[in-house]
Structures are given as structure tokens and as C-alpha cells.
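2 protein chains.
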Amino acid sequence: MKEQKILIIGGVAGGTKTAAKLKRENSNLDVTIITRDEYISYAGCGLPYYVGGVIEDKGELVVKTPEDFKLITGVDVFIKHEAIEINREEKTVKVKVLTTGETKDFHYDKLVLATGASPFIPPIEGRELDGVFSLRKVEDALAIRELVESGKIKKGVVIGGGFIGLETAENLFEKGIEVTLIELAPHILPGFDEEIALYAQNYMREKGVNILTSERAVGIKGTAEVEGVVTDKRELEADLVIMSVGVKPNVELAKDIGVDIGVTGAIKVNENMETNISDIYAVGDCAESINLITGKPAWYPMGSTANKMGRIAGININDLKEKDSLKGVLGTTIVKLFGLNAGKTGLSEAAAIKEGYNPISVLVPGNDRAHYYPGYRMILTKLIADRDSHRVLGAQVIGEGVVDKPIDVIATAITLGAKVEDLEKLDLAYAPPFSMAMSTTILAANVIINKLKGKVETISPLELKNRKDEVVILDIRDEASHRISSIPNSVNIFSEDLYMRGKELDRDKETVILCKIGKNAYLSYLKLKEMGFKNVKVLEGGITAYPYEIV
Amino acid sequence: MKEQKILIIGGVAGGTKTAAKLKRENSNLDVTIITRDEYISYAGCGLPYYVGGVIEDKGELVVKTPEDFKLITGVDVFIKHEAIEINREEKTVKVKVLTTGETKDFHYDKLVLATGASPFIPPIEGRELDGVFSLRKVEDALAIRELVESGKIKKGVVIGGGFIGLETAENLFEKGIEVTLIELAPHILPGFDEEIALYAQNYMREKGVNILTSERAVGIKGTAEVEGVVTDKRELEADLVIMSVGVKPNVELAKDIGVDIGVTGAIKVNENMETNISDIYAVGDCAESINLITGKPAWYPMGSTANKMGRIAGININDLKEKDSLKGVLGTTIVKLFGLNAGKTGLSEAAAIKEGYNPISVLVPGNDRAHYYPGYRMILTKLIADRDSHRVLGAQVIGEGVVDKPIDVIATAITLGAKVEDLEKLDLAYAPPFSMAMSTTILAANVIINKLKGKVETISPLELKNRKDEVVILDIRDEASHRISSIPNSVNIFSEDLYMRGKELDRDKETVILCKIGKNAYLSYLKLKEMGFKNVKVLEGGITAYPYEIV
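Protein sequence lines correspond, in order, to chains A and B. Numbering-wise, the first sequence is residues 1 to 551 according to our numbering. Numbering-wise, the second sequence is residues 552 to 1102 according to our numbering.
Worth double-checking, as some hints may not be accurate.
The list that follows gives simulated cross-link-like pairs (lysine-lysine, DSS-like), each with its CA atoms no further than 27 Å apart [unchecked claim]:
#	chain 1	residue 1	chain 2	residue 2
1	A	Lys323	B	Lys1002
2	A	Lys5	B	Lys819
3	A	Lys323	B	Lys872
4	A	Lys534	A	Lys465
5	A	Lys425	B	Lys819
6	B	Lys1002	A	Lys425
7	B	Lys621	A	Lys321
8	A	Lys323	B	Lys1006
9	A	Lys425	B	Lys1080
10	A	Lys516	A	Lys534
11	A	Lys453	B	Lys970
12	A	Lys321	B	Lys1002
13	A	Lys296	B	Lys970
14	A	Lys5	B	Lys1006
15	B	Lys621	A	Lys419
16	A	Lys70	B	Lys1078
17	B	Lys1002	A	Lys327
18	B	Lys970	A	Lys455
19	B	Lys970	A	Lys5
20	A	Lys534	B	Lys621
21	A	Lys64	B	Lys799
Simulated from the structure, these hints should not be mistaken for lab results.
Just chain A, same shape as in the assembly (with noise of 0.2 Å):
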């Protein structure tokens, strides 16, 4: 039997998975990866804690080098070579040897696009100079982490409140940089709605990184060495500067030879990884996805959905009968943020609305585990559900405690189509060093069901902010707690004074009850529908998830 060549561009994680799944459904297959890039498998996701030592060693970011990988899996690597042509008649691809310049073809019989996605750098002055940089490969995270360790760094400013920008920050802040983040959105963590993001905003600004919002970096200043970076308005001294405001698929070499590119600039696949030219797939974070909520096509470049579909690929190459697909993904991410986490899966509320959805949502605090059991944390859930079906539509979870676990157990439910009242009952691991007895995921589904029977109204934080000057804001902890920090111009009556006291409010003007984290709030609005108020709500998450001003 005449061997397959099949010759994959890109040695990442989409890449080498391909490939080793590859020879382990056919030994027989010739496999090739080539890569420009002179590490292969690394682990992108791990080069901002590289920076900062959390990583200690280099080694450990490398999952594999070309050796080793060749001798573990029998495919053939090429480092240092750079695809710059493919011929479709031909079936070759012309690489440049970047060590010595020469170039030569490459024959395959199938070829995997696994080129990744580079940092895309805001084409501003300055970004050529020394000392700025982007984070994407590991020759990246090894030259800042020398320039960190010199110990001549003292200021540092990232640019983009991503990912990357705030674990970089937060991995700088804790070398003992200064470190400055610069924001063009209103708000870090795009994708996360605004309650969400601006409680990690804060959480990092306490921590003591300063962060700059709907500020636009606009220029760097420097001779050799980066000194400064203007922004539209200030100057702030940097000796370091990281830039970090997303990236872009590489698409060249498939847009060249006609392949499609999607609507969101990413390399159009079908469920199986093959695009719209025969013999030829994609793979990781060049392709493109589909949302699995809203069935359109969607770029979320994941390691973990990288290496599913280098999985499937694999397996589609060596057997066309039996294909293996992939139906979409739900943009699932998690960051870790000093000792905040913030998880995100399916839809936000803003996305959800964008999308044509009639969302209904919830913010939920709630311990991690039983509030008896030494070292609980809070964590906020914000459940967002479609208002006429019930299903669940996405998940924001943040704070101290575990979030990946109801971040991970929401996404299971929206893929399987979950309703919330689905969520309610299910029937999750308890004991108390690992949950509430009705885990937090739980009590946000009864929260969200209590709203949609009507047995409840409540006003998200965002809302209350953007009306506080129409409503009254009834604060109903007890004086102490009022006095040491509220939302301004509360009324405090103490919860078990609301049956005397409840006559010096103003029945007719819409009242939102304030307290904790919404469930005394929530008692306290029964109360007050008992005793003929009609216009009252609950403030969502209390004073515990109100990102805006206190006093």
C-alpha cells in the first residue's frame, strides 16, 4: 500500500494533535508537521505565568520538542520552515527554510491548515522599539521574563484588558512592576457583561494595578528603548510595554488558493474540519466554529477546542466513512485573576439581546461550599435564560471560590439543551467541603424561576445605576452595616422595622430593597407586598454585586 502524505502547517496544540492522533489511527500514514516557529506543542495558554515564575521552567511550557514528539508518535517535524505557498494542482507547498533561506516543496496528499493566530498590533508609532512586545509565542514570554529578572523594569503598561493583558498585568504587578492596564472598552473582560467585568475591575484596581478605561493607547515614545506611551489622554512612563489587544487568524496562505474564509475573518470548516477544497481541513485557531446557541458561525481560538478538533481531523483524514464532527462550541473561557475567577459560558445577557433573544437574568451570590466549613468563598452567578422557552443561555461566575465547576456544569447543561428548570433539580455532589447543600447553580435557577412565575421582581445593578435617580433605594441591613458603606442616597429601615416604619416610605414611587446579597432583600419585598406595596423589586446580588459607587 502506497503511504498517505499528508502534511500539516502549524505545530501547536491543533497541529500536533492532528498529527499524533493521525499515526494512532494508521501507523502507516507518512505525517508531516512544518512549522516557521521554532518550539512546537507549546502551551500558549501558560507563557503569562512563565513571565511571572508561577512557571518556573521553560521545559515545562514545551510539551514536547520535534525529538521527542517524533520519537513518541513517528511524525516527521520541521521546525524553522515556513510555508509561504500552496499549489492545489500540484498538491505541494513551497517552505522556506528560515535558517537558511532555500526553499522546497513539500508533497502531500492531504494538507491540514494548523496556522494558528497571531497578536494583532495596532499599527500606532513606536511599536518597533525595545522593550514592546506581544505574548503569543514562547520566544515572547522568555525575552520579557529576561528583561523582568534584570530588574531595570519598573514601570510596565499593557495595552488590552483581555485574557492575556490582565494575566500579564497580574503577573508583572506581582514582579514588582508597576503596572498599568489600558482599556478601549468602557470595561475589561470583553465578552463578560458590565456587572461582571467591572467586579473584576475593581478586585484588580484593590490588588493595586491601575487600570484606564475607554482610553486609547495612540502612540509609544522612545529612542531605542520604549519610554513612554501616549494615550488619547496622557502620558504614562513605561520601560515595558505589552501589547495585547486580541488576535487575528492566519489566514494568508488558504485565502490565497481560494479557500473560503467565514464571516468572522477565521477559516471556513464544516462539522468535520474539511473546507470548501477538497483534501484540504483546518484545525484550531485559523478555523472557524460554530455557537452552538445560535447555530452562526463563531471564532473563539481555544486550546481545548483546538485539540478537539485536531481529534477529528485525525480520525476524518484516515477514514472517510465514518466521520467524526464537531457541532459547535460555546465560547466557554476562564481566567484566573490573583485570587478572583471569572468563568464565562454560551451566551452574555448584552450578546443575548444582540442575538434577538428575550433574555432574563439573574446575579446570584452564594458560597462555594458550606458557609461551616472552613475556607468557603463567595462567588456571584449570573444566569442568563430565554424568557419564552426557559432555556439556558449562558453563564458569567466570579469570585474567590470555585467557578469552574458551575461555569462547566452550565455549559454541559446548554449543550444538551437545558431548560432551568432542569438546572433546578439537579441532582449535584454535596458534602460540605465541596458545596452548598443547594449548590449555587441551583439557587440562581430558583431565583430565575421565582422571576418568570412572577413570584418576584428584581433590578439588575446595571439598571438600578442607570435609574437610581427615579426610584428609592431602601436599604434594609442594619444601621451599622448602612453606615459603613451603601449605595448613595438610601433609606435605611432596618428589616424587622418595616412593619412599623414602612409608612415614612412613598407607596407610589417604585422601591428597590437593598441588603447583602439579595435574600434578605427578597424577604423583605414579601413584607412589603403583604403590607400593599405594588411597585417594589429586589436589587440582584445586594450590595455584594453592586460594581458602581458606594458610599
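Let chain A serve as the given structure and place chain B on it in line with the hints.
Structure of chain B alone, referenced to chain A:
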């Protein structure tokens, strides 16, 4: 409007939840709890941790005092009031006031049985001696802790290797007491499959707890105070004995008036928490559930289920039109034993076989987060599916790493009818501090699918133990690893030498390949297959998951 009287017998999780929900649904209801206990709303699952001082203060165990509960909810609570007889016709309950001995009648319009469960005390001699306890109520925990803290206890015997027995053994051990645990069955952790249970058993033994299995306690020795335990095999010295052989539902009151008792011995209720007698409901540990997978009656006395049942009863008693329901449960459970976590959901493999399924299972070790992120720990996943429908039937996860997350993900998947193919494609949260790029759950689904497709043949530790004299055990780890510890009579050929030394093996004999966790054995399996071996198998989970004799 005449106030409806709702009487609830029992004041722990199910009773207090029902009561609180009732008043929130309709504050006009007259809701009363009677309980023979002194404490209500206490954390039954926290009792072992109070004994060991992990939970320091009694106040933390008791979620609400009767006074607080009344103040917050408006529910009347009568402690030390024991219900002794129900009169269906009169709709009254005769109650004995334990402090005075007098009896009085409580009228009801609706009655909720939340009578809980009681420890089963085997009828052995000496069970009434001082120093012999069960651990079910707050009073038990207070008494045991007092004794432990007196410093007089040197040797403790725990009878029963279920969760409470094991947790108590740990907590006593941590207090410096020499602890022996006696289990009648061949292993601890009833309900878990043997490999997983033995993993936990070996771990506890290494920590220093003396565990005796397949052994029956037949008597307790002593005059006034306990001095020892007699088993069918030996005598053990003891100055403290904890009886923890299981609990039984408290159903006598119900039985006396013709309330149907289910096959499990607990009160039969429909999905709305209604018994066969109108206006009588049952919730919590005294009530039976349905197993969501088999559709058959099941009894899992868990605080998490009690809370759900209470909420449903509270909703349904108030509103007969739009009833809430609990379709069933999975028997999801979890326990922490020293640094080891063990969780279970759905059917074990043994239970699946017993229920008539044709199960397929895998045992897959993996890390709970990226291997390059500090602090990662191993977890071992046993995933069980139906070979015909590919439906996920159950899982057990054990290890020092995070196990509650995969258990909850799989519990959610089972509830929503997932197949292993669904599990494999889940878009779970990935970042190095939280998960591997391919989570262990996805890995386990990958392996089970490979098995289903015939791409790999495996053998479980249990099967290998039973058949070890019939097969060749081939250890493909390096010589040093093999020398340190391996399975008795295994042959060592390093994986890299297989091509050269393969001829040393007898191709006609069934060969089981052994490595550290199963992954390299899979690669060697493929290599041997390529070399023409027909009858080879991978030992699932490698030596890591092999809980039997190691030399």
C-alpha cells in the same frame, strides 16, 4: 380568609425548607414545625467535622435556632415535641412534650412528614455501654467531641465503612486516636466499584487508619464503659466505639395510618411529594425517590435532595394548580478522606450489570489542571456507559485533585440523557490553573469511544486480578520503574525496545500491557498490533489505578 394550618413533623433540612418555602409562597399560611429534637436546621453532614474540630464552634453546625427561624420565616417551632400518633379522620397529630411528659393534639389541614432517618444499630451485646455512639444528631457530636477532648480516648473503633464512618475515622485519627474501622463487606465505600473503593482503602491505610474488611462486629465488651469490640475474627481494645453501619428511614408514624411504604423501606411519594393519602406529604430522608436512570424506586438520604423536596412540597401545598416536581435523582455523592476526594454519580458498573445493562467502562487517570501549572493533582475517572445506546450511566472519580467538578458535569450530562459522544465534545472551561486543555472527563469519553469502535482493547484491574495467571503481563516502563514496583510476574520490555525484543514474547498468549497510567501502554498496543500481535490488551489506568498486590 381562613388560615390553612400546615403541620410539619421534623425540623432538619426537609422540614425547615418546606416551612420556609411555604411562608414565602404565602405568608397567610399557618405553618408549624414539631420536632422531638432540641436542634432544628442543623448540618447533619458537618457532624464528623465538629468531632474533629475542623468545625470549631457548635453555633456553626446549627444553621438557625428555633427563635431565629421563627423571626425570619414566621414559622412556629416546637422542639422536644415528639409526634406519637396521626389521626387521619380528625386531621390531628398527638404529640408528647418531652420536657413535661404531657400529650396534646395539633390540628392540620395539610401534614408534611419530614421525619428523617435514624442510625441502624445492630443488635449486638454491649451496644448500650458508655462510650458507644452513633453519629446522627448534634447531641451525638457534642458528646463524642467532649469525650475526645477529655484526652482519655486512646483507641477508637468505627463500625461501618460508609461516608460517615470514614469521615469519623479520619477526624478521630487526626485527634491522635488509634483508629480501627471494621467493614462487613469486602471493601469500604459501599456503592462504589471495587477498584475505586480499594484505591480509597489503600489510601486510608497508608495514612494510618487500621481497616478490617469482610469482618463482622459481634459484640462490645465492657462493664459500664466500653473496653473493646469483639469481631468474628479477633478482639480489639477500644475506649470509644462509633456505630455507623447505615441509616433507616423513620416511617413508623406513616405506616401506622396506612401511608404507602416503598420497596426501599422509605415513604412512597409521587413526583409532587404527595403520599397515597390526600393532604399528607413526605420530604427528605424519610421519603423515597426514583433513580433517574433506571426509573426504579431508590432511597438516597441526602441533604441536597431533602432541600429540593422541601421546596417542591412548599410550592405544591400552596398552589395545587401549577405543581412542581422532582422526576428523580442519581444518587450523586462525594466524600473527602484526608487529602483524598471520592465522588460518584449514577450507576456503578456493578449496579449497571445488576440492572440488566450491558455496560462498558474505562478507568482513566489524568491531572486536574495543566501539568505545568503548580499544584496539579492526579484524579482517576471511571466512566460507565451502555454499550448498546452509548448513554452515560455513571461515573466515579477519585484522587487528591478536584473530583466534584467532573462528577457534577457527568451528573448533569446523565440527567439530560447524554451519550459518550456528547461528553467528548463538551466545551468546558480551560485555562492552566483550572483544567487540562482536554479535561479528564473528555479524555475518559475519548477512551470509551475508542473502545466502542474497537480501536483499543483494554482490561480492568479487577479483571486482570482475576485472570492474572492466564495472561502475560508486559510492563513497558523503563527498567528502573519496573524494578521499584510492578505487578507480580510481569515481564519488562521497555516500549522503545519493543520492535527489537518483541520476538521474546509468545504471540499466542494473551498479553496485557502495563505502564504508569495507560497512555504509553496504548501506544505500545498499537505497535504490537502493527507487529502482528492479535491478542493484546491495555491495562486500564496502568499501575496507578491497580489497587491489588504490587511487588
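Verification of the hints:
no.: 1; hint: A:Lys323 with B:Lys1002; in the structure: 16 Å, holds
no.: 2; hint: A:Lys5 with B:Lys819; in the structure: 65 Å, violated
no.: 3; hint: A:Lys323 with B:Lys872; in the structure: 49 Å, violated
no.: 4; hint: A:Lys534 with A:Lys465; in the structure: 22 Å, holds
no.: 5; hint: A:Lys425 with B:Lys819; in the structure: 19 Å, holds
no.: 6; hint: B:Lys1002 with A:Lys425; in the structure: 32 Å, violated
no.: 7; hint: B:Lys621 with A:Lys321; in the structure: 67 Å, violated
no.: 8; hint: A:Lys323 with B:Lys1006; in the structure: 15 Å, holds
no.: 9; hint: A:Lys425 with B:Lys1080; in the structure: 47 Å, violated
no.: 10; hint: A:Lys516 with A:Lys534; in the structure: 23 Å, holds
no.: 11; hint: A:Lys453 with B:Lys970; in the structure: 33 Å, violated
no.: 12; hint: A:Lys321 with B:Lys1002; in the structure: 18 Å, holds
no.: 13; hint: A:Lys296 with B:Lys970; in the structure: 24 Å, holds
no.: 14; hint: A:Lys5 with B:Lys1006; in the structure: 22 Å, holds
no.: 15; hint: B:Lys621 with A:Lys419; in the structure: 34 Å, violated
no.: 16; hint: A:Lys70 with B:Lys1078; in the structure: 15 Å, holds
no.: 17; hint: B:Lys1002 with A:Lys327; in the structure: 22 Å, holds
no.: 18; hint: B:Lys970 with A:Lys455; in the structure: 36 Å, violated
no.: 19; hint: B:Lys970 with A:Lys5; in the structure: 34 Å, violated
no.: 20; hint: A:Lys534 with B:Lys621; in the structure: 26 Å, holds
no.: 21; hint: A:Lys64 with B:Lys799; in the structure: 55 Å, violated
The earlier numbered hints that this structure contradicts are 2, 3, 6, 7, 9, 11, 15, 18, 19, 21.
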